[in-house]
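For the sequence shown, this note's numbering gives the first residue as 24, with consecutive numbering after it.
Simulated from the structure, these hints should not be mistaken for lab results. On a predicted model such as this, the values are computed, not experimentally measured, just so you know. Just to be clear, a hint being listed does not mean it is correct.
As the list claims (entries may be wrong) - Derived SDA-like pairs: lysine to any residue, alpha-carbon spacing no greater than 25 Å straight-line:
hint, residue 1, residue 2
1, Lys-250, Lys-185
2, Lys-484, Asp-212
3, Lys-185, Thr-57
4, Lys-421, Glu-445
5, Lys-102, Ser-403
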Amino acid sequence: MPELAESWEVLDNGATYRFHLRRDVPFQKTDWFTPTRKMNADDVVFTFQRIFDRNNPWHNVNGSNFPYFDSLQFADNVKSVRKLDNHTVEFRLAQPDASFLWHLATHYASVMSAEYARKLEKEDRQEQLDRQPVGTGPYQLSEYRAGQFIRLQRHDDFWRGKPLMPQVVVDLGSGGTGRLSKLLTGECDVLAWPAASQLSILRDDPRLRLTLRPGMNVAYLAFNTAKPPLNNPAVRHALALAINNQRLMQSIYYGTAETAASILPRASWAYDNEAKITEYNPAKSREQLKALGQENLTLKLWVPTRSQAWNPSPLKTAELIQADMAQVGVKVVIVPVEGRFQEARLMDMSHDLTLSGWATDSNDPDSFFRPLLSCAAIHSQTNLAHWCDPKFDSVLRKALSSQQLAARIEAYDEAQSILAQELPILPLASSLRLQAYRYDIKGLVLSPFGNASFAGVYREKQDEVKKP
Numbered sequence: 024m025p026e027l028a029e030s031w032e033v034l035d036n037g038a039t040y041r042f043h044l045r046r047d048v049p050f051q052k053t054d055w056f057t058p059t060r061k062m063n064a065d066d067v068v069f070t071f072q073r074i075f076d077r078n079n080p081w082h083n084v085n086g087s088n089f090p091y092f093d094s095l096q097f098a099d100n101v102k103s104v105r106k107l108d109n110h111t112v113e114f115r116l117a118q119p120d121a122s123f124l125w126h127l128a129t130h131y132a133s134v135m136s137a138e139y140a141r142k143l144e145k146e147d148r149q150e151q152l153d154r155q156p157v158g159t160g161p162y163q164l165s166e167y168r169a170g171q172f173i174r175l176q177r178h179d180d181f182w183r184g185k186p187l188m189p190q191v192v193v194d195l196g197s198g199g200t201g202r203l204s205k206l207l208t209g210e211c212d213v214l215a216w217p218a219a220s221q222l223s224i225l226r227d228d229p230r231l232r233l234t235l236r237p238g239m240n241v242a243y244l245a246f247n248t249a250k251p252p253l254n255n256p257a258v259r260h261a262l263a264l265a266i267n268n269q270r271l272m273q274s275i276y277y278g279t280a281e282t283a284a285s286i287l288p289r290a291s292w293a294y295d296n297e298a299k300i301t302e303y304n305p306a307k308s309r310e311q312l313k314a315l316g317q318e319n320l321t322l323k324l325w326v327p328t329r330s331q332a333w334n335p336s337p338l339k340t341a342e343l344i345q346a347d348m349a350q351v352g353v354k355v356v357i358v359p360v361e362g363r364f365q366e367a368r369l370m371d372m373s374h375d376l377t378l379s380g381w382a383t384d385s386n387d388p389d390s391f392f393r394p395l396l397s398c399a400a401i402h403s404q405t406n407l408a409h410w411c412d413p414k415f416d417s418v419l420r421k422a423l424s425s426q427q428l429a430a431r432i433e434a435y436d437e438a439q440s441i442l443a444q445e446l447p448i449l450p451l452a453s454s455l456r457l458q459a460y461r462y463d464i465k466g467l468v469l470s471p472f473g474n475a476s477f478a479g480v481y482r483e484k485q486d487e488v489k490k491p
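Construct the complete structure from the given sequences, taking the supplied hints into account.
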């Protein structure tokens, strides 16, 4: 959202944020909606009241939930979103929040058209707000076929200038080697998140370009701290000693990740440089488990079946962890799950362990801490460890209450120290952000946050291309 503002002010020590909106931002004209005006304060107020106000009639349309903002308790902290004039909006918070601006800059906070919403309301078709969205970005929805593709058409009136590519088609149906084959044959131009095992092919093909960037993500193993014996930090530490993380780096990531010592990636400005990677010591693990009376444990490990941005092969990772645990006398039963089934089963707390991860398009460390490990995040279903520590939450609030970077870093150092002691989740890896594309594609900029904008992308004319 801040991108749509000319400027903003942080007032009341971070408890008030005032945005002065751009006056030249058109909404997309689609087959289902023709806007009669440009974006203004009404649209911003509509968008965020829908998210934050549980009594807003649009809040539950399509059974909507907003887990990212729920995990941050935004509905409790945002007292009001007010229109001061057509191009000025003010957010008032119950207490200062230094991370607020960063969270508004994520893709979760895209501004929607209030005019479009009113049209749908008159037609009693409110559900189309999410299914046929209208925004302000460089490309607009043209066609969507579930599990197959999304077709995006150029937004000719995009406020930053007309995009160069007439359309972008996102292929949802191909997986594994099928995705690579389409890139090699020229059927597709860009391959997001190629498998680490495919890198040698991509590097050796002169028709392709490969981009690698540090990624703002973390893969982790979550312990269900609501279930004995995993409610005991000593048991969690003993189990962590059994995992050969170096083998994971070699067998899963092929050199495309960094071993994680914290839930924060090393690219984060709040990363604790004193953080220690959990040692691999199976003998010590076995000894500690015996001392704790946990010699013959059987644990269920829930694992997503599909490749993730933070883990290219979750099932193989689970098998390696299973083998490691067997060496210390712990039987791990792998339970493959996917999609909403996974979410439902994880939240009924029947699992012991779950292999998961997190990626964010915000550079604020709060984007990791609160969604993953705050008490509120249990209810919003993003805290898979079911861990709640009032002291930890208090430290996070302290970090948010200051606009001074040094004070925030000090608080986040303390937060990371608490996590190292309690170990509700075991950080495994921070994956590099990978992207491969055809040699004639230009202007593609890769962000460490995992997204890529196609606004400035173009295909070089054939007579200008320097053939490989």
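Hints and how they fare:
Distance check on the hinted pair: Lys-250 and Lys-185 sit about 55 Å apart at the alpha-carbon level, beyond 25 Å; violated. For the hint pairing Lys-484 with Asp-212, the CA-to-CA distance comes to about 14 Å; that is within 25 Å, so the pair holds. This hinted pair checks out: Lys-185 and Thr-57 have alpha carbons roughly 18 Å apart, not beyond 25 Å. For the proposed pair Lys-421 and Glu-445, the alpha carbon gap of about 19 Å is at most 25 Å, so the pair holds.
The suggested pairing of Lys-102 with Ser-403 holds, with an alpha-carbon distance near 20 Å, which does not exceed 25 Å.
Violated hint: 1 only; the structure is consistent with all others.
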